[in-house]
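Asker: With chain L fixed as given, assemble chain E onto it according to the hints.
If you read the protein sequences in the order shown, they are chains L and E.
Sequential numbering of the first sequence, starting at 1, is according to our numbering.
Sequential numbering of the second sequence, starting at 1, is according to our numbering.
For the record, the hints were derived by calculation from the structure and aren't laboratory data.
Every clue listed holds true.
Anything over 10 Å on all C-beta distances counts as not near chain E; from chain L, calculated:
1) G60
2) S184
3) H199
4) E292
Lysine to any residue pairs mimicking SDA-like chemistry, simulated, CA-CA at most 25 Å apart:
5) E:K346 <-> L:A75
6) E:K260 <-> L:I74
7) E:K203 <-> L:T113
8) E:K67 <-> E:R25
9) E:K260 <-> L:D111
10) L:K105 <-> E:R262
11) E:K125 <-> E:S112
12) L:K175 <-> L:H193
13) E:K203 <-> E:M273
14) E:K346 <-> L:D36
15) E:K179 <-> L:G154
16) E:K346 <-> L:R31
17) L:K119 <-> E:I194
18) L:K105 <-> L:M142
19) E:K203 <-> L:D111
20) E:K291 <-> E:G71
21) E:K67 <-> E:K106
22) L:K119 <-> E:L189
23) L:K119 <-> E:E198
24) L:K105 <-> E:E198
25) E:K179 <-> L:F120
26) E:K346 <-> L:V73
27) E:K346 <-> L:R94
28) L:K119 <-> E:R183
29) L:K105 <-> E:E182
30) E:K54 <-> E:G116
31) E:K73 <-> E:A330
32) E:K179 <-> L:T64
33) E:K179 <-> E:L200
34) E:K260 <-> L:V73
35) E:K346 <-> L:G29
36) E:K346 <-> L:I67
37) L:K105 <-> L:E149
38) E:K124 <-> E:T37
39) E:K124 <-> E:R92
40) E:K82 <-> E:A64
The C-beta atom is built at its ideal place from N, Cα and C for all residues, glycine as well.
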Amino acid sequence: MRFPWQKSANETRGELPVADAAHAIEVHGLRKTFGDFVAVDSIDFNVNQGEIFGFLGPNGSGKTTTIRMLCGVIAPTSGGARVMGYDVTSESERVRENIGYMSQKFSLFQDLTVDENLKFYAGIYGLSDEKFAERREYILTMADLHGRENEMTGDLSVGWKQRLALGCATIHEPKLIFLDEPTSGVDPTARRHFWELLHELAATGVTLFVTTHYMDEATHCNRLAFIYRGGIIAAGTPGEIKADLMQDTILQIELDDGEGALIVLDGTPGVQEAYMQGSLVHVNIGPVPLAESNVPALLTDAGFAPRHIGLVEPTLEDAFVHLVTAQRTDEAL
Amino acid sequence: MLPIIFIMPILQLIMFGYVIGTDVRDIRTAVVNHDGTPEAQLVVDSFVNSGYFKQVAAPTSDAAMQKLIDGNKAQVAIVIPKGFADSVHAGRTTQVGIVVDGSDSKTASVASGYAGQVVASLSKKLYPALASVSAGSVDAQVRVLFNPTLRSVNSMVPALLAFILMMSTQTTMSQAIVKERERGTLEQLFVTPIGRAEYLIGKLVPYVIIAFIQITLVFTIGTFWFNVPFNGSLLVMGAGLALFALTALGLGLIVSLLSKTRYQAQQATTFLMVPSMMLSGFVFPLESMPKLLYPISYLIPLRYILVIVRSNFMKGSGFIALWPQFAAMAIFAIVVFGFGLSRFRKQLND
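Bound conformation, chain L alone (with noise of 0.2 Å):
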């Protein structure tokens, strides 16, 4: 808690103070409980200094919690994290110091104008009035926004409040950024000229922690981590996670009634997994050649008439329902 007569850590340091761990982040043991509900069970990673990390998983599988911890807005049930070199718990502020953060919301003052958000955060954090000109000048050429300083939020574009609010989260130039879902309910184009400015940051040895549940977005980490039911299931490079299946076989189908054929597929022997890939099907049918497979033989014989039937390399989205599934027998036996 800090009133508006104390000083903040930046004005006593005059600089933000630069992190000496060697992680990013530190995570260990982190758990958060409601009443009985575990909403992150005794977590462990860590991020590297400089690397974009990915943070995936369902809806409701502990991700946002676990922002929430990391950023040092609530507090950990037990075990607990170092951001920046600070402790989650006990130095909390000295964390939302050094962080910035932007969720889908893109929350921004929608009744304010484009220069008032801005000159509102750099209040918030402190920035000197020279400070504020340099950094005022570098977000609106960054959102491409020079020419609309005075135009009320709520009425620019998606696209344009996304890179508004990504240059308010950054204003105090952070060397970690949590990004919960910034993309979702932007148009693709957007979405692509976002992550541009994500590599951007990158490149100048920022820390990006990133949550998203678009796959393709997925490929842009360095590494990635995936929670589900509160656990972290997976963890390494796009990679190293797609190799643990490479040694299965993907099929991918192309027929008209892709949720019927499902049906049929789901748990019949010698199937592992089946599943939409957008209007397609996929099928995991382990460690065996398609030659080999009673897919193809399933399907006729139930009436489907499959205009075609290939091979696919593993995507990581193949990957997230292997892992899924594979948790889910876990748990059933």
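Answerer: Relative to the frame of chain L, chain E by itself:
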């Protein structure tokens, strides 16, 4: 949400139906009996048996009676002069003093009307031989204190100070946090170095300032344009309104924290506003409330602040006379605002 939509009109109907059109009864009455004879007792009984007056005290001096009125413990005083019975027996015309507190103009005008009726009926009882020309009668000498012309604006303006303060702070505060949560700015602000206390103070202060300007305007226009006489002290009124503002802000805060959308917050505020208006004595005198609803009025903070502002504004009543109302206001402020704060802390930690 759905239940509120249907419960609200029913509650409003009950409140309006029962509160409006009910007679003012049980007016708090002090009896100053300087005579103490059976005839004097007959006067007192006539008042009490009419059902309109309820004896709450029997002060022995006019000064003690004045204190009761200052502290709002009595609204009417009946003063029976010494030698009342002697005059009756001598067949001379006698007088009964009726002192009415004019700070609540509605109750006051009703009370003086009833008192006149009661006194008129007394003449028949005390002077059975009315047929004879020489027989005297009982006269009511009505004296209205503080607001002799019984202008209703005189009791409305002080009440409006409190009511506008409540409307303004409770409504704006109830929207404040739910709006930020809807927009996501709340989530954003709590990952910045802003502290919880800073945030809350930042949220409260503008509304307090706005409310302060509003009541200053009402006060100025009320006293200068509407010529409402101000006999009170700004300190007493300010202290009461400040305590009341805390309660209203606390209620707004609670509504804002419990509501999921701004629409819900707006509904809840309206829902809370109706009983405040109906059951506090703001529009209708508390004495006209049905016995069943009356206890509810004790739970309505506006009830106490209305007594404070009206009594202070017109009668100049101070802290000593108004201590029970101040105590009630302080308890409300602590409980309501305290609950709002604890709710605020809890909600943000989960």
